[in-house]
Structures are given as structure tokens and as C-alpha cells.
Amino acid sequence: MSTWLKVARYHLVQPIPYVLVAWWILAFSFAVNIAVYALVPNTGPVAATGSVPDGHYTGALASIFLYFLVLGVNSIGRWLPFGLALGVSRRSYYAGTALLAVLLAAGDGLMLAVLQVIERATNGWGVQMGFFRVPYLLNGPWYLTWLSSFVGMTLLFVYGMWYGIVFRRWGLIGTIAFIAAQVTVGLAATLLVSWAHGWTSVGHFFTGLTAVGLTGLLAVLALALLAGGQVTIRRATI
Amino acid sequence: MTAAISVAGLTRRYRDQVALDDVSVELEAGSITGLLGRNGAGKTTLLRILAGQEFPSAGSVRVLGQPPAENEPVLRRMVFVREDQAYPDIKVGHALRAASWFHPNWDAGLAGQLIADFGLGPKKSIKRLSRGMRSALGITIGLAARAEVTLFDEPYAGLDAVARQIFYDRLLAEYAERPRTILLSTHLIDEAAALFERVVVIDQGRVVLEAAADGLRGVATTVSGPVLAVQDFTAGRPIWNQRRLGSQASVVTVGQLDEASRARARSLGLDLVPLTLQQLVVHAAGWPAAPEADSEGVSA
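First to last, the sequence lines map onto chains A and B. My numbering puts the first sequence at residues 1 to 238. My numbering puts the second sequence at residues 1 to 300.
Just so you know, the hints here were simulated from the structure itself, not pulled from any lab data. Just to be clear, a hint being listed does not mean it is correct.
[To be verified] Footprint (simulated), chain A over chain B, 3 or more residues, beta carbon under 8 Å:
no. : region
1   : 47–58
2   : 84–98
3   : 273–279
Nothing here was measured: the structure is a model prediction, and the numbers come from that model. Beta carbons: idealized from backbone N, C-alpha and C, even for Gly.
Okay, chain B solo, but in the shape it has when bound (with noise of 0.2 Å):
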């Protein structure tokens, strides 16, 4: 498989602040990865690069084989949502029928269907849209417009629990009938999970963890119940968290279990509860202060 994007030593700086410090990031056509990091990690940024809305301060940006910026045959075969994208003073129909000119592969059929679904009228004056009908506006551009490169930033801002679940459901099945290479960023990680086959995790400018969506399930795991048969189990074990509360304890320890750990577990009366994804990617990002050699780990 080639890289559909591929990225080198990005750098971005502003006057006061690095955005994104030496960034290599390489995604294969064809997959689906999630774009994971606090409020200002960086992945707007990095995401409005590869579309070509900002240029780098240093390193190579790849889309499609070739430099995004200005590019305009690299720029039509992708499509960026951005959470606070701005829109002229139109209406909804307007900006599909505007997005319909320039996206080769637009399924003016799917648009249709998308913003019955998300009860968004073509007459409504988008400036006049509430946040979440907003995002749906936007949801619905990136996928009607069947790009090859989709890039989704925080797409779905104010939607609703139902809203989001018609994003999933689409998305799946847009990509099953027609794969792409999307990368999505969201806040949302514990719903979004299932849909990654990879993911990127960047803090302050820089990618802490870039590994397939697989490899992560049950890397680290929450030990807890007595103190002595916790420290007995995690000893010899790299720890990334623990907490005691009374005579019961609960450790966090990297690294796969296998069969004969967790037989030793049950045999102990510990509890043994794998990290959800979002669990690793706040402590992917730092946070609580991990020991230095445990962090490393999970990097690797």
C-alpha cells in the first residue's frame, strides 16, 4: 500500500508558540485514523496543513504523492470539515450546490439523504444554524464528496447522541461501499474508538503515539484489590499509575498479560481491566505524570 499522506518533520511555529515540532506522520490509502490530543496539541494545525489552508515552517507535507499547497489536482481528489469553518452569508442548499462544482465524485443523492436525515432544510440560511446543524452542514459536504483523502476536524461539535450515531453509521458504510483515507480528530474518543484501524496521538506540537487501533487494546491494564496481591502481581512490572485507598489498591501496568498472568490474577482475586482508548491517549498525553521508562513503553 502506498501513503496516501505522508509528512516529515513538519514544523510549524508562530511568534510565541511551536504548533507542531517536528512532525512524521505516514498514512496509508485506504484506512481510517483517528487524530487524538488535547485543546491545543496541535491538530488543527497539522490537519489545515495537509489541506493546504497553512503552510509549514519546516518538512515535507505528502498528500496523494505530491505537495498540497496551491496544488489544485492533490487539493479536488481530498476534502477538509473543519469545526469553525466559516461560510458565506448563503443557504444551506447553496453550499452543497457550490461544494457539487468542485468535488468530482459528489453524490448529490447521499447529500440529499444526509441532510434528511440530520433535519437540515436546503432553505435555512446557514448563518442562522445552530452549532450542531452546523457541523451536520459540514459532515454532510465531507461525505457526499467521496474524496480520496477525507479529513475530518472535530466534525461533529453540539450534535446530539443520535446525530453522531447517523455520522458513524454513514462513515462505515461510505467506507466499506468506497474506501478512502480519512483521518478524524475528535475529542470523543471512547465513541469513536471502534471506527479507528489506526491512531496518532500528538501533545504540544509532537506525535507521542502513532500505533494500529489493535496493537492498543489491552497494552495497558488497571490491577485492583488488595494491596499486598497487587504489589505482589505488578512487582517486576513498568507502572504507569497507582492509587491506594485504604487496603485496596489499583495500579496501572503496561504491557500485554498472558494466560498465565491472568490465571495468577483470578487465583490473587485481583480485577484486571484493560485501558479504554481514551485512558491511554490522556496518558499518552502526559497526564497523570507518567515515570519516565514507563511512558517510554508505550510509545515503542
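Chain A with its partners taken away, still in its complex shape (with noise of 0.2 Å):
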């Protein structure tokens, strides 16, 4: 366990990218965000107060949870070779930077739901904006949106350091094979569901799925890629 937090602590031994800049990005958008929302002048049906307008969800949350999968490539990228050099097993240097995923995005989680707090309370920064509250996903109390944010930043993490591994072992041909069998996956699913007539039912199955339905398939998805960068990792040379 005491390698495992040193190997969190080595990621954030220069903690600007890991902590500072998806927040640098996500306050400029929000800055951008926030100037046209002022400029332009709300024609649409007033909501009542506390609710975001249709159209008026900026979406650029995105942002601050595709970051989180640019950090995941980047923890492996050329933090493993020198993570390895000093004496640190593939082992722990996986579940360490795993940990550092979970931490990240306990953190930033917290962070996005106390905005949300804010959001609503100041109605929507004042302009009626939705920033911080996306529809059906994050939309609920600010637990809620503590929960899937966290499990969303570290699904991405992962997911992106199994890319990272797999680049690592295979090089550029077989990062895209690793893509063209998810791809396969995919297909061979749709297909299955195609074949034994079963979109009825699919379909019943997502209109029913409440947000925190989805959080929990998304953390049990979570947890399947952490299993495979796992398996990956054990065998990557550097």
C-alpha cells in the first residue's frame, strides 16, 4: 500500500498537469461560456427559477472528463519507463497510478458537484446557464453528481491508460488493432441484438436506466478496463 501512494505522490511530484490544468480549461470555457450567454439575449421560454431553459446547456463539462482520459494515456506514456527505472514494480506502479486516478477524480468530482450547488443557487450564474448540470446525467443532488462524476473521470483514466499500456506494448499498429476489436465487439453486439430481435427490449432497458442505474454499469465497465490494463501491463517492456 506504501508503494502505492509513493507512486501517486511520484505523478504529483510537478502536480500542475494532474491537478491545475483541467480546471485551466474548464474555467476559460466557462469564461467563454459565460460572456455569450450575457451577450446574446433569452428569447426562449423563461424556466422557472432554479431550472436551465432548453438549449441552454452548454455541455462543455466534457471537457474536465476527456482531459481525465488524456491523463490516463499520459500516466503511462514516459511516466512508466522512469517510474520502472526507479525500482518500482509494473504491479504497483498500476494500481498506485490507479489510485492516483480514484483520488483525481474523488476530488474533482467533489469540486464539480459544490459548483452544481452554486449553479443553482445563483440560478445559472445569473444568465440561465447550464454549466455544471447536464441533462439526465448530471442533473440530480449534489451527491448524485459527486458519484457519477467520479465514476465517469475514472472510467476515462483507465480506459486511458489501458490505451497507453497498449501503445507502450505493441506500438502505433497495435494501439489501432486494440481500437478495431472494441470496434468488432461492438458490431458483433449490435448484430446479436439485431438477429434475436431484441431492440424492443434494449431500448426498454435504457428508458428505464436512471442516472445512478448508469453510474453503477459504468463503474462496473470501470472496473473491467482496470482488469485489462492490469492483465496488459504485466508483460510491457521498457
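Two chains, two separate frames, one set of hints: put the complex together.
Structure (C-alpha cells):
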């Protein structure tokens, strides 16, 4: 366990990319959006206080989630070779980096929840903007926003790590094959559902799925990706 | 003395080539060994396997009595400095701080002194460092780690002569103060020759020479002088290489020369020059192609 913490700390030896850059991106995007909302008069239907009129969701929150994918890829890249050179085993490196993902996602997710609370309390920053609220996905009580963004960020980080490891082991061709394999699995699932005439039940499943249920599904997926990366890193060489 | 590094029958195959072919080497704890050979001979692959960064195809590897791969208690007691080490996008000071967390015997004072000696600023970004300065960073980590097993792979690529001398001096001072097992691969053989207690020469993935450095001094001698006198003197001795220029000849003979032979050479007006370690390595690596029986003589 202490080695895991050391590995997490190793990544944070230069904390700016891991801790601050995501917020710089988000702050810039927020500033741009709020300027646009302040300039463009709201001609649509006026919504009740505390809710967001249609079309006033910016969707810009996706940037911080995508940044977690980038962080995940980067956490292998050139960090793995130096990490192993410092005498860390692949096992500990992987576990420690995943621990870092969990810590960062918990911290940033909590930030998002707090900002969402402020956004609600200020009627969308005074311009009825839905920046930290995302319909269906992140639109519940603060603790669900925390939980869902925590799971989403961890998932994307771990997914990025797996890409980084695949690239390390098998290079560009291997990475392309890795993507092709995922597309093939998706296609096979689609064909299976079609042959079984199962689209109605699939549709029912997703319409009946709550944000909490989706979060649960994503958590399971994150664990599966975590296991996949763990298997892949075992024989990675530098 | 127990073996700090013990390798038996180690083979590493890549798709179309054999990087290491049935390598067996034992290195005693508390010794400095030179790992010598041409580019692509397999030196880096051997060191990477010892450091657990690469996996063997066959054979056994033990460092401090245990297989190193994924073995943290062993990995923590060793340090591996690579010529082509990749660093994250961080500053020199960050890299040293991170290294201090993972090496239990880390000496921060020594690290500070070394980067000062090398003129390496802790605030410098690693990706902006020249090749030589990058090497200096690797050397600093390798020495300040004070690890029981210290592996250097071409540690001073791009370093100037002064910085290399700093490295040799520091290495010997450190080794004298805290003996450890050091395995150093290098191309600058004669320059580093005085450091080595043992040398291991590999060529095309095979160990072609493994010997105590002392035992190699005078193991081969260049005899030069008038053709007839040289022929007379070297008759019956194993010969590696001969050259003729007009009435002068120059022949490399293998085997120690006793005092009587030396006296005889003097009386024949011959020059005797022992082969340097570098020349021996060049011969051991099969260049120029030597007669069969003679190359056997040295590997024994």
C-alpha cells in the first residue's frame, strides 16, 4: 500500500498537469460561455427559477472528462519508463496510478458537485446557464453528481491508461488493432441484438435506466477496464 | 563471497534475431565489472533483464539471490541508469526528489553536490537538457541512490572529458566508502579500464571473454621489429594478427611472456608492447578475424 501511495505521489511531483490544467481549461470554457450567455438575449421560454431553459445547457463540462482520458494515456507514456527505472514493479505502478485516478476523480468530482450547487443557487450564474448541470446525467442532488462524475472520470482515466499500455507494448499498429477489436465487439453485439430481434427490450432497458443505474453500469465497466489494463501491463517492457 | 548477480543460460530472442544467446555470468558482491562489446552486442538487453525491465526467453536470472522481474524487494535494492532513459516532462529537481522516495539509501547531499559539479540546475526542464546533461542526471541518480546493485548502461554518452573524470572519481570514491556491485557498460574502454576489477565481453549475444582485469594485462603482446627477428621470436607462439611493412613486421602473440623471453626480445632488438584492454576487446569481438586456435586461447 505504501508503494501505491509513493507511485501516486511520484505522479504529483509536478502537480500542475494532474491537478490544475483541467481547471484552467474548464475556467476558460466557462468564461467564454458566460460571456456568450450575457451577450445573447434570452428569447426562449422563461424557465422556473432554479431550472435551465431548453438549449441553455452548454455541454462544455465534457472537456474535463475528456481531459481525464488524456491524463490516463499520459500517466503511462513517459512516466512508466522512469517509474520502473526507480525500482517500482509494474504491479505497483499500475495500482498506484489507478489510486491516483481515484483520488483525482474524487477531488474533481466533489468540486463539480459544489459548483453545481452554486450554479443552482445563483440561477445559472445569473444568466440561466446550465454549465455544471447536464440533463439526465448530472442533474440530481449534489452527492449523485459527485458519485456520477467520480465514476465517469475514473472510467476515462483507466481507459486512457489501457491505451497507454497497449501503445507501450504493441506500438501504433497494436493500438489500431486494439481500437478495431473494440469496434468489432460493438458490431458483434449490435448484430446479435438485431438477429435476436432484441432492440425493443434493449430500448426498454435504457429508457428505464436511471442516472444512478447508469453510474452503476459505468462503475462495472471501469472495473473491467481496470482488469484489462492490469493484464496488459504485466508483460510490458521498457 | 556470494554472487550479487548470477545469470545462467540466459537467452533472449526477438522475432528475427537472438539478442542474448545462452549467457552465463556470475558477479561477486562488491566488485566493479566492465560490460564491453560492440553496438548491438546485447549489453543493454542484458542490463534491462537484470533490472526487470525486459523478460528472458529462457534461462535463469538472479540478482541478490532472487529473480528480479516484478520483485520489488530486489528492485528497490538496485538502480539502473540507461543511456536512453525516458523522463516525464518534469524538472531536474523533480526527478531527483522522486528518486529519493524510492531508493532507501538515497543521499541527498551527494545528489546536490553532483548536480553542482556537473553544472546541472535543479530548475532546468529535463526535455530541454542536452544529451550530456541528461547523462549527468542519470549518473547523479545512479550514484546518489547508493544501491547495492548499480547498473550503468553507457552512462556518459555526450559527456565532456571533465565531466567523465568527475564521474570516474566519484564512482571510485563512492565505491571505496560504500562497496557495492557495479556493472558498467561502456565504449570508452581504455578510459574506464582502470576502474574495472573484472571484464565481461559479449559479442553477438554471447559471452566471448570473462576475466579478472589484472589477468588480462600482458595476456597479449605486440612484437615489432625486423621481419626475421620477429619471425624467430614468435615461432611456436600462438599468433593473433600479423602485419608487414617492408622489412619491418608487427605480430600480436598471445600468452604471458616470461623474463627470459623478454630478455631475448631485447637482445633481438624487438619492441614489446602489451595490448590494451580496448585492443583485447576488439580481438575478442572477432576483429580482425583471428585464427581459430588463438581466439580459444584467450577465452579460456
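Hint check:
1. 47–58: That given contact holds, which follows from 6 residues of the region 47–58 of chain B lying within Cβ reach (below 8 Å) of chain A.
2. 84–98: holds (count 11)
3. 273–279: violated (count 0)
Comparing the model with each numbered hint stated earlier shows that hint 3 is the single one that does not hold.
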